[in-house]
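Line by line, the protein sequences give chains D and L. Quick note on the UniProt record's numbering: the first sequence kicks off at 1 and runs consecutively. Quick note on the UniProt record's numbering: the second sequence kicks off at 1 and runs consecutively.
It is possible that part of the hints are untrue.
Stated by the list, open to error - Take a look, some chain L residues computed to stay more than 12 Å from chain D by CB distance:
1. V71
2. M200
3. D434
4. S588
5. K684
What the hints assert, rightly or not - Distance ranges between label pairs, derived from CB positions:
6. E563(L) to P412(D): 33 to 39 Å
7. E463(D) to K23(L): 55 to 61 Å
8. K48(D) to T619(L): 52 to 58 Å
9. N456(L) to N99(D): 55 to 61 Å
10. P31(D) to S755(L): 27 to 33 Å
11. K48(D) to E563(L): 47 to 53 Å
12. S445(D) to F455(L): 20 to 26 Å
In case anyone wonders, no lab produced these hints; they're calculated from the structure. Predicted model, so just to flag it, every value in this text is computed and none were measured. Even for Gly, the Cβ is constructed at its ideal location relative to N, Cα and C.
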Amino acid sequence: MEMRFTKNFKLINALLIVFVFVCEILSSEVPRPRGVSLSRASLYPPEKDFTCFDGSKTIPFSQVNDDYCDCPDASDEPGTAACPQGIFHCTNAGHKPLNIAASRVNDGICDCCDGTDEYASGKACQNNCIELGRSAREEAQRKAELIKAGKQLKAELSQKGIQMKQEKQVKLNELQKNKEEAEKLREEKLTLKKEAEELESAALEYYRKLEEEIKKKKAEEEAARNRAEALENFNKFDSNQDGYVDITELQTRQNFDKDRNGEVSEEEAKFFLSEQMQANSSPPAESEDSQGESDDMQDGDEHDDAHEDDEEEEDHEPEHHEEENEEKPTDITYDDETQKLVERATSARNEFYEADKQVKNIVGEIQGIKDYLEKDFGPDEEFAALEGQCFHYEDHEYIYKLCPFEKTSQQPKSGSVETRLGTWGRWDGTETNKYESMMYDKGQSCWNGPQRSTKVRIECGNENKMTSVSEPNRCEYLFDFVSPAACREVPIDVHEELHDEL
Amino acid sequence: MALLLRYTPFLLYVIGSILAVDKNAFKSCEQSSFCRRLRDVKAGESKYELDLASLQISENSVEAKLINTEVEAQFKFSLTAIAGNIFRLQVDEVNPLYPRYRPQYALKAEPQVANALEGEVQPANEDPGAWEENFKSHHDSKPKGPSAVGLDITFPGALRAYGLPEHADQLALRTTGSGGLDPYRLYNLDVFEYEVESTMALYGAVPVVYAHSPKYTVGVFWHNAAETWVDINNSKDGNVMSSLVNLVSGSKSENSVEAHFMSESGVMDLFVFMGPKPKDVVRQYASLTGVAPLPQYFTLAYHQCRWNYNDEDDVTSVVENFDIHDLPVDIIWLDIEYTDGKKYFTWDPIKFAHPDVMINNLTASGRKLVVIIDPHIKRESGYFLHEDALANGYYVKNKDGSVYEGWCWPGSSSYLDFYDPKVVEYYKDLYSLDKFKGTTNDVYIWNDMNEPSVFNGPEVTMPKDCLHYGGWEHRDVHNEYALAHTVGTFQGLLHRSSNKRPFILTRGHFAGSQRYVAMWTGDNAADWSHLAVSYPMCLSEALGGISFCGADVGGFFNNPDVELLQRWYQLDDIRSVKSNVEEPYLFSEDVRNRIRTALRLRYAHLPLWYTLFWEHESTGDPVIRPLFYQYPSDENVFDIDNEVLILAFYRGGSIIPRKDRPRRASSVMHNDPFTLYIALDSKKSASGTLYIDDNESYEYKNSNKYIYVHFTFEDNSLISNLIDKTDFPTKEWIERVIILGPPSDITSAKLTSKSLGTVTLETYYDGEQKSLTIRKPGVSVREPFTIKLF
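Looking at chain D on its own, in the form it has when it is part of the complex:
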């Protein structure tokens, strides 16, 4: 078995063995199979047969890294691409160590900065770990300084935020007191209103009856007049006075000639016959109503103009209906005493409405403050100061706008309509730092696609500023935003890791 193995290996790449040997000497003093990290080296004792980590199989140690996948858990091939689920560890001395998928080993593409993943592909990878490590450290340094400087600003922002919340809290307490008073006042006004209205109602009872009688009389007169008119018309058309209006009778009348061909056809006559009958059977009041409706429509148009930007037409009917349905003022005049009672009731009503409005206003204001107080402006209220502001970013085509805790949008520079890219949804960061990004969703829908949304990534900076905008996926935007509010100490792992395997 040993012999076969050697032969096969020779066939694949005889050079490989030499190369492996040299590499392992160079990369570490602890002998271990290729692709294994220092911390796991002890799992591969070369003097024993190798048992897969999942215990499924035991193989001769010579079959570890022999470019054939024996273990379902890939543990026998840490240094080759033989196992689909394998992981290859590169030391990357001078920079961060890295675990890559086994599928990246010997594929002709340099994935590890030390180039150890391409040991048999013929690809010459440069070791640039030192350079990368240096710039990574510089970058970490820069960030640390930024955070240091930003922390002062953040503290100020935080103070401001806390102060704002406190002020709101004070205001809330005040409003709650005001609310109690206003409610008390409303109670009083309601009682007064009820009393005045009772008196008013009793006084008006007499007049109400009087009014009804007048109405009834008027209606009777109207009906009589209509009957007389109908009879007159009927007699006019009923040329042969047989008590029926028939089609031939109507056909003699040119004013029924709808198509103006000089003749009243049977259809035309029938049309008017039925029209006429309908007209006669309907009370005149209805035609007045229809007049009213057309006025209504006109009003409606004006109304629409005033709300141009609302896409959906508002239902404005009820408002106008009320007006139209109001009883017409009758000619009746009240006696002085009644008149006084009516006036007193009216003013009691007005006073009540006023008091009620006051209560509603206060309730609304309280709700607003409560909403504000519930908003998550960060653990130290450091993001509070961003609310109510908007920040802009321009690229060659668009102006992007971020109004924190409200919305994101996009407007072409040519000036046409603004497109909403998202509405404030939630903090959307990672488990370790929920405040590193915001999600604005439920924006306008894309053509043939989903609703737009925006992720706002927030990093530490010494001012509040949008730094870039992209659309990494269709209709999904990504804003980069820097703010002192995002400056927080992060555990810097650079130093520990760097020394891991030197």
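Since the structure of chain D is already known, use the hints to place chain L on it.
Coordinates of chain L only, in the frame set by chain D:
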């Protein structure tokens, strides 16, 4: 070599399309003057007679005068035998008023004359639409008057007819007829939101029909590029007409299929393929119109396309995300937005300011780029292409000779006239690296909108009385326009990169397009019915010579739900040329994992697909095949068009070479070893082939740099041999052999080859899989070897 892909039938029944094509925008037969006229002609009422006195019979042909008994017009009739059991029937006017058009690109070469059938040439009755025609607001002047040609063909004994792509319909052709289905229409059109189960025209036209019965299969190719309608009558559908025919002929209801070809203009030129089996007729058709040249290996891998990628960073981050999520991808596609204001052969100066850098980033990780180039040219002064075309008369003209203008993506546009050899010469130069600046040898081309699509034209295409080079009317050449366009692109890519096989994806296509391009089924929808119809559509194209056919994975219109998306990826075989949905890494982890599994399976089978494409080039056999093709005498399979032979489900008797090591792109798999899957049949034997070359160049043709391996398994021995006496210096080796349905009690194996001598190999059974694995033969695929089981 037959594997079988089968998908569960429930897919077929879940149909609920929310899209609808606007049928009023496209003509029915009744609205098309010549179709209406020709359809009126009843079979058996021909006014044409052969003048037997003029009959001349030579060794290879029969010629005679054909006379119209009504108007005494004379025609020349000829019937010629072509090499390979093919006949050619031609009828042309003896003294034509105007010459008739003969397609220029469909045939790969003028057929070689070599060493029976019934046809009836039908005259046309005068119809009010004969000399001019109006459709919607469009007027067709028809200066040459009526020039339609029609032919009835009867296939006695046939049970089914297949062919006539492209239609979003079932594979077996349905009976059409007045009062029922409109005839199958072949007229390349940009049909917005097309619907399935329809004989309406689509983007491509391949006028070939195969008639099939358990005993024999024959075919006809109608060599005509004008608008064509084809009525099909299968007597099994109980049509009155066919029962009449049976009555007259006195035959005892033998089944038959009739095909009635009706073309608006052009020459009558019909090729008849004598079969006798499906394999033979398809090969006979391929001998005339050619085969698809072997594509580059990467073109068979996964393509990611989206409308659209916004800028260079977008492209870079998409690829990064594929890598982060360990999903393989080979090609990124750029739709029209990469251009500077929809001016082709230019880049947006801001969003794509450094295309060369972007492309090099792609190729550094083994990927390629495909960019779109459409045939309409923006009419903008200062745009070099427009200026050149105007100055040199390269555009298609109106009937009065002025330049034709239509609307397409860029707004006002004109259309290059690819029938003019000067235009093709000019066009091909545009692809060179010094002209199309920023591109590299790793950029390939997507030719879209080449029906041609004209937003404000009749039926969204060019007016028929427009004029092309040579004085031909657009009506004569319409169905061939896309082919002429892609010939220009093909020559351009060859000219640019002479030793790399071009890759071009086209939407419009015609008979013969396979010699230059791959095609896809256009703007389909994210709908189960569209997933289902992609099978018969591509199978039909494959029978029509165009094996490299795909559909947008996930559909183009609308967004698929995740269930549909996963299924689409899972059923994804070579039918999917590109994916036009959200990148798969955007979905939840479990969806992503399923898609990854599906993609890895596709990549594992690439050697098999590549081998099939090479075999297609050598023989003309389609890469994907319907069941009736493989089992011609089994009537049970004649209507099955939701299964493709190959993949996923290995038929007993086959040996499948796979590459089971996942990689980020196919281009970095070239040195990876093979696993051979041997599915034994009832005789415990199996065989298979494997083709290997450098995956990109013409060395396989020019210098025989390839190997073609034949594997057989018999008597407990696997034998590998080279079929051709060729060689290719590959590093690929055999890492594993898996025998499905293996012999029992095997304890070891011995491999023998020249370089390794004889070595013992470990074997082990997998009880669950009922398979036997031979561990690490380690032998190169270049050398013959034997593995004997003990």
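Results for each hint:
1. V71: Non-interface label stands for V71(L): nearest chain D Cβ at 49 Å, farther than 12 Å.
2. M200: holds, 22 Å
3. D434: Check passes; 28 Å lies beyond 12 Å.
4. S588: The claim holds: S588(L) sits with its nearest Cβ about 14 Å from chain D, beyond 12 Å.
5. K684: holds, 26 Å
6. E563(L) to P412(D): 33 to 39 Å: holds, 37 Å
7. E463(D) to K23(L): 55 to 61 Å: holds, 60 Å
8. K48(D) to T619(L): 52 to 58 Å: holds, 55 Å
9. N456(L) to N99(D): 55 to 61 Å: holds, 58 Å
10. P31(D) to S755(L): 27 to 33 Å: Holds: the Cβ-Cβ distance is about 32 Å, inside 27 to 33 Å.
11. K48(D) to E563(L): 47 to 53 Å: holds, 49 Å
12. S445(D) to F455(L): 20 to 26 Å: Given a distance of about 24 Å, which is inside 20 to 26 Å, the answer is holds.
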